[in-house]
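K.L.:
Listed here are the chains, written in short residue letters.
2 protein chains.
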Amino acid sequence: MTVPGDAKALERVMAGLGQAAREASQRMALAPATAKDAALRAAAHQIEAQAAAILDANAKDVAAALDAGASATFLDRLRLNEGRLAAIASGLACIAARPDPVGRILEEWQRPDGLRFQKVATALGVIGLIFESRPNVAVDAGAMCIKSGNAVILRGGSESVHSVAALIEAMRQGLRAAGLPCDAVQAVPVADRAAVGMMLNMQGTIDVLIPRGGKSLTARVATESRIPVLYHLDGICHLYLDARADLDKARAVILNAKMRRTGICGAMETLLVHEAVAVTHLPAILDDLLMAGCVLRGDAGVCALNPAVTPAIPDDWDTEYLDAILSIRLVRDLDEAMAHIATHGSHHTDGIITEDQQAAARFVARVDSAIVLHNASTQFADGGEFGFGGEIGIATGKLHARGPVGAEHLTSYKYIVRGDGHVRTP
Amino acid sequence: MTVPGDAKALERVMAGLGQAAREASQRMALAPATAKDAALRAAAHQIEAQAAAILDANAKDVAAALDAGASATFLDRLRLNEGRLAAIASGLACIAARPDPVGRILEEWQRPDGLRFQKVATALGVIGLIFESRPNVAVDAGAMCIKSGNAVILRGGSESVHSVAALIEAMRQGLRAAGLPCDAVQAVPVADRAAVGMMLNMQGTIDVLIPRGGKSLTARVATESRIPVLYHLDGICHLYLDARADLDKARAVILNAKMRRTGICGAMETLLVHEAVAVTHLPAILDDLLMAGCVLRGDAGVCALNPAVTPAIPDDWDTEYLDAILSIRLVRDLDEAMAHIATHGSHHTDGIITEDQQAAARFVARVDSAIVLHNASTQFADGGEFGFGGEIGIATGKLHARGPVGAEHLTSYKYIVRGDGHVRTP
Numbered sequence: 001m002t003v004p005g006d007a008k009a010l011e012r013v014m015a016g017l018g019q020a021a022r023e024a025s026q027r028m029a030l031a032p033a034t035a036k037d038a039a040l041r042a043a044a045h046q047i048e049a050q051a052a053a054i055l056d057a058n059a060k061d062v063a064a065a066l067d068a069g070a071s072a073t074f075l076d077r078l079r080l081n082e083g084r085l086a087a088i089a090s091g092l093a094c095i096a097a098r099p100d101p102v103g104r105i106l107e108e109w110q111r112p113d114g115l116r117f118q119k120v121a122t123a124l125g126v127i128g129l130i131f132e133s134r135p136n137v138a139v140d141a142g143a144m145c146i147k148s149g150n151a152v153i154l155r156g157g158s159e160s161v162h163s164v165a166a167l168i169e170a171m172r173q174g175l176r177a178a179g180l181p182c183d184a185v186q187a188v189p190v191a192d193r194a195a196v197g198m199m200l201n202m203q204g205t206i207d208v209l210i211p212r213g214g215k216s217l218t219a220r221v222a223t224e225s226r227i228p229v230l231y232h233l234d235g236i237c238h239l240y241l242d243a244r245a246d247l248d249k250a251r252a253v254i255l256n257a258k259m260r261r262t263g264i265c266g267a268m269e270t271l272l273v274h275e276a277v278a279v280t281h282l283p284a285i286l287d288d289l290l291m292a293g294c295v296l297r298g299d300a301g302v303c304a305l306n307p308a309v310t311p312a313i314p315d316d317w318d319t320e321y322l323d324a325i326l327s328i329r330l331v332r333d334l335d336e337a338m339a340h341i342a343t344h345g346s347h348h349t350d351g352i353i354t355e356d357q358q359a360a361a362r363f364v365a366r367v368d369s370a371i372v373l374h375n376a377s378t379q380f381a382d383g384g385e386f387g388f389g390g391e392i393g394i395a396t397g398k399l400h401a402r403g404p405v406g407a408e409h410l411t412s413y414k415y416i417v418r419g420d421g422h423v424r425t426p
Numbered sequence: 001m002t003v004p005g006d007a008k009a010l011e012r013v014m015a016g017l018g019q020a021a022r023e024a025s026q027r028m029a030l031a032p033a034t035a036k037d038a039a040l041r042a043a044a045h046q047i048e049a050q051a052a053a054i055l056d057a058n059a060k061d062v063a064a065a066l067d068a069g070a071s072a073t074f075l076d077r078l079r080l081n082e083g084r085l086a087a088i089a090s091g092l093a094c095i096a097a098r099p100d101p102v103g104r105i106l107e108e109w110q111r112p113d114g115l116r117f118q119k120v121a122t123a124l125g126v127i128g129l130i131f132e133s134r135p136n137v138a139v140d141a142g143a144m145c146i147k148s149g150n151a152v153i154l155r156g157g158s159e160s161v162h163s164v165a166a167l168i169e170a171m172r173q174g175l176r177a178a179g180l181p182c183d184a185v186q187a188v189p190v191a192d193r194a195a196v197g198m199m200l201n202m203q204g205t206i207d208v209l210i211p212r213g214g215k216s217l218t219a220r221v222a223t224e225s226r227i228p229v230l231y232h233l234d235g236i237c238h239l240y241l242d243a244r245a246d247l248d249k250a251r252a253v254i255l256n257a258k259m260r261r262t263g264i265c266g267a268m269e270t271l272l273v274h275e276a277v278a279v280t281h282l283p284a285i286l287d288d289l290l291m292a293g294c295v296l297r298g299d300a301g302v303c304a305l306n307p308a309v310t311p312a313i314p315d316d317w318d319t320e321y322l323d324a325i326l327s328i329r330l331v332r333d334l335d336e337a338m339a340h341i342a343t344h345g346s347h348h349t350d351g352i353i354t355e356d357q358q359a360a361a362r363f364v365a366r367v368d369s370a371i372v373l374h375n376a377s378t379q380f381a382d383g384g385e386f387g388f389g390g391e392i393g394i395a396t397g398k399l400h401a402r403g404p405v406g407a408e409h410l411t412s413y414k415y416i417v418r419g420d421g422h423v424r425t426p
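Line by line, the protein sequences give chains H and D. Quick note: the first sequence uses my numbering, first residue 1, plus one each step. Quick note: the second sequence uses my numbering, first residue 1, plus one each step.
Hints were generated in silico from the structure; no laboratory data involved. A quick note: this is a predicted structure, and the numbers were derived from the prediction, not measured. Here a beta-carbon is modelled for each residue, glycine too, at the ideal position from N, C-alpha and C. Please note that the accuracy of each hint is not assured.
[Stated by the list, open to error] One-sided and incomplete, this derived list gives chain D residues near chain H with beta-carbon spacing under 7 Å:
| no. | residue |
| --- | --- |
| 1 | 228 |
| 2 | 252 |
| 3 | 260 |
| 4 | 371 |
| 5 | 373 |
| 6 | 375 |
| 7 | 376 |
| 8 | 380 |
| 9 | 400 |
| 10 | 403 |
| 11 | 420 |
| 12 | 421 |
| 13 | 424 |
Can you build the whole structure from these sequences, using the hints too?
P.N.:
This is the structure we're talking about:
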């Protein structure tokens with residue numbers, strides 16, 4: 001490990017990582033599915049076999065976080081245990097069992113003159129992931145990149161540096177066991193924050209950056225980097241309770257969307273309620289949420305229904321609480337609900353609860369979000385729930401990938417054109 | 001038109017274009033296929049009906065270019081005539097006849113618990129195209145954007161400003177006739193070069209930039225813009241003549257790849273020849289090329305075959321001539337050919353000529369180019385030839401779109417998730 005502040009040494013370390021990643025990516029791009037899947041299974045085995053060492057490393061990170069006065073939520077995200085390691089290992093096995101995203105024939109066609117075209121999925125190259133706190137993100141990301149024939153350079157927060165190093169070492173052993181280049185998965189071995197700045201300037205080496213962190217990280221990437229980025233931004237997720245909603249479904253979905261886990265980007269932050277069901281449906285829903293410990297902030301109409309609801313201020317409609325807090329607003333109709341989502345939403349995940357199929361069709365067609373839901377919880381916004389075997393992030397932009405990003409979204413494509421001496425005329 | 005140099009006025013013009021484009025893009029995203037196709041057909045009709053006015057406008061541009069001492073090649077690219085207008089109009093009709101790229105169900109699946117997923121193609125938003133000299137690019141780009149439910153802001157070179165304005169006016173009339181917002185297609189109405197700089201800073205308004213121009217434009221976009229870019233870079237295209245190539249096919253394909261049109265990005269710039277066929281195949285090929293007026297630069301082995309071949313210097317292997325010049329090198333085998341392409345190519349379009357199916361399979365799998373060809377001319381690198389009805393450019397990067405970019409590549413997607421009160425557990 002280099003001494004923080006030794007910029008020249010850090011530059012050499014980063015250049016070495018970059019060079020190794022590019023070379024590994026070229027081999028990974030051509031690796032057969034059997035080898036990639038063997039590497040994932042071997043990595044799962046190594047994580048279980050090395051559980052004691054990984055938990056020791058994690059204990060160092062947890063001790064440092066405790067010393068630094070970290071919150072209980074933060075510690076919970078950071079902490080590993082036998083159960084979490086088993087879940088990580090079974091996630092790897094699950095990804096290994098999925099079809100190879102590379103080499104898929106995405107389209108094929110033939111011209112009348114016999115020239116044949118195939119559009120075939122290929123690996124992307126080198127992914128750079130910058131993430132915070134949860135060490136398992138490193139494994140998910142590494143697994144997605146192995147599966148998709150890419151190389152990845154991971155940069156976790158300083159708070160998880162020992163845990164990530166131990167987990168990544170197990171993955172690298174898995175790659176080696178399968179005869180693949182272990183440098184397909186590398187972690188920046190330095191806690192120095194300057195490493196992030198260097199990663200942001202590795203254009204030509206890193207093909208796409210995925211920042212998974214707070215607004216300051218995102219802003220820094222947007223300002224400093226010339227590398228294409230898959231942003232993982234806010235999830236200001238809405239549910240709209242329509243005039244023709246079924247009350248039982250509504251209660252279940254709303255409670256789950258808000259309270260299952262409040263700290264994830266797919267948690268509902270604002271509930272929009274058609275005024276026609278404010279009196280029939282909303283009181284029971286407010287009771288459910290209050291019983292579960294949720295703080296409620298509403299407009300005047302909502303406040304009038306329950307004294308525990310405090311008045312919302314304008315900022316509430318634009319806030320991703322990531323906490324047991326919900327803003328609630330009455331709307332005149334579907335169009336007003338969609339206008340609210342267009343103005344205040346973050347194009348991440350938004351849903352409608354209704355038995356009116358026409359209203360549902362209109363909502364899912366018109367709401368411009370990565371995920372639009374009908375009668376389902378916003379907490380399904382997750383690559384694992386989508387069946388991708390995990391995710392490297394949830395893309396909130398529209399270019400290249402949108403929504404949960406799994407291995408198949410970490411691919412590009414090429415056209416293969418086959419002729420028999422075909423020339424272009426005129 | 002504003003006075004060049006009046007920065008405030010120009011800023012207002014650009015902000016107005018941006019605002020109008022965003023509003024138009026929202027309507028276009030939801031426009032039915034019938035309306036979009038009607039707009040394309042009406043635009044085709046308008047271009048034919050207004051041919052005289054368009055040719056008058058073009059004549060102004062041509063006169064100005066003549067005054068400025070433009071080359072014959074430049075004038076040829078700039079000049080319109082009845083035949084070219086008819087081709088432009090028929091291109092529009094061709095795009096109208098293609099299926100709607102928006103709303104396509106790209107994937108769908110269902111979980112055992114009944115939760116149903118659809119991945120559906122959506123429009124992207126606002127495209128910014130910066131291009132040079134050929135006025136028909138404006139129509140191709142406008143048509144691709146109409147078809148894909150996007151809005152486009154076009155910035156042609158000052159040399160084509162009158163031609164582009166006249167063509168775009170016809171397209172806007174087509175949109176109006178179909179009841180769609182004419183601001184889905186707008187051209188920057190100012191020749192002021194500062195307009196380009198402003199476009200590069202319209203993040204949040206322009207969703208993706210497509211620069212189609214020389215290296216200075218590309219470098220400027222890379223340095224100045226924070227907007228995602230689909231680059232249209234060099235085409236240093238190769239053909240590799242394998243040991244088991246059929247001579248007749250090879251002669252036809254090589255001559256076409258180099259000489260059909262030398263100024264397009266899909267023109268072959270370097271020919272790699274397996275040394276085993278240097279004596280059997282290459283002399284006839286050199287004669288073909290020399291007869292067609294091609295200048296030949298070769299390594300020592302090639303120079304020895306024909307006194308008209310002059311020695312290549314190292315720069316030749318990295319040069320996109322866009323002219324009747326070809327560099328030729330002998331290689332020991334397929335691997336050396338692929339190594340040359342990896343080192344000197346631009347990942348655009350590269351091909352192999354061989355009857356050896358194994359060699360062909362190895363080449364198309366391993367060469368990392370947007371288009372890889374077997375026994376076909378590199379000049380097929382074109383969205384029209386691919387059946388896309390045209391192209392807005394040829395993407396040389398790997399993110400989002402690669403190779404010829406047609407309407408279907410100017411889309412994003414969303415996930416529609418349909419449940420019946422589904423909640424996420426645990």
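K.L.:
A separate judgement is required for each hint: does it hold in the structure or not?
P.N.:
Going through the hints against the structure:
1. With 7 Å as the threshold, the beta carbon of residue 228/D comes within range of chain H, its nearest partner Cβ sitting at about 5 Å, so the hint holds.
2. At a threshold of 7 Å, the smallest CB-CB gap from residue 252/D to chain H is about 5 Å, leaving the interface hint in force.
3. The interface hint given for residue 260/D holds, since its Cβ lies 6 Å from the closest Cβ of chain H, which is under the 7 Å cut-off.
4. Because the closest C-beta pair between residue 371/D and chain H is about 5 Å apart, less than 7 Å, the hint holds.
5. Residue-level restraint check for residue 373/D holds (minimum Cβ-Cβ distance to chain H is 5 Å; threshold 7 Å).
6. A hinted interface residue such as residue 375/D counts as satisfied when its beta carbon comes closer than 7 Å to some beta carbon of chain H; here the least separation is about 5 Å, so the hint holds.
7. With a least beta-carbon distance of about 3 Å to chain H, the hint placing residue 376/D at the interface is held under the 7 Å criterion.
8. Taking 7 Å as the C-beta cut-off, the interface hint given for residue 380/D holds, the closest approach to chain H being about 5 Å.
9. Hint status for residue 400/D: holds, given a least beta-carbon distance of 4 Å to chain H, under 7 Å.
10. For residue 403/D, the suggested interface contact is upheld, since its CB lies about 5 Å from the closest CB of chain H, less than 7 Å.
11. A cut of 7 Å between beta carbons decides the hint on residue 420/D: the least distance to chain H is about 6 Å, and the hint holds.
12. For residue 421/D, the interface hint holds, the least distance from its beta-carbon to any beta-carbon of chain H being 3 Å, beneath 7 Å.
13. Annotation: residue 424/D was flagged as interfacial toward chain H, and the flag holds, the nearest CB pair being 4 Å apart, inside 7 Å.
In summary, the structure agrees with every hint in the numbered list given earlier.
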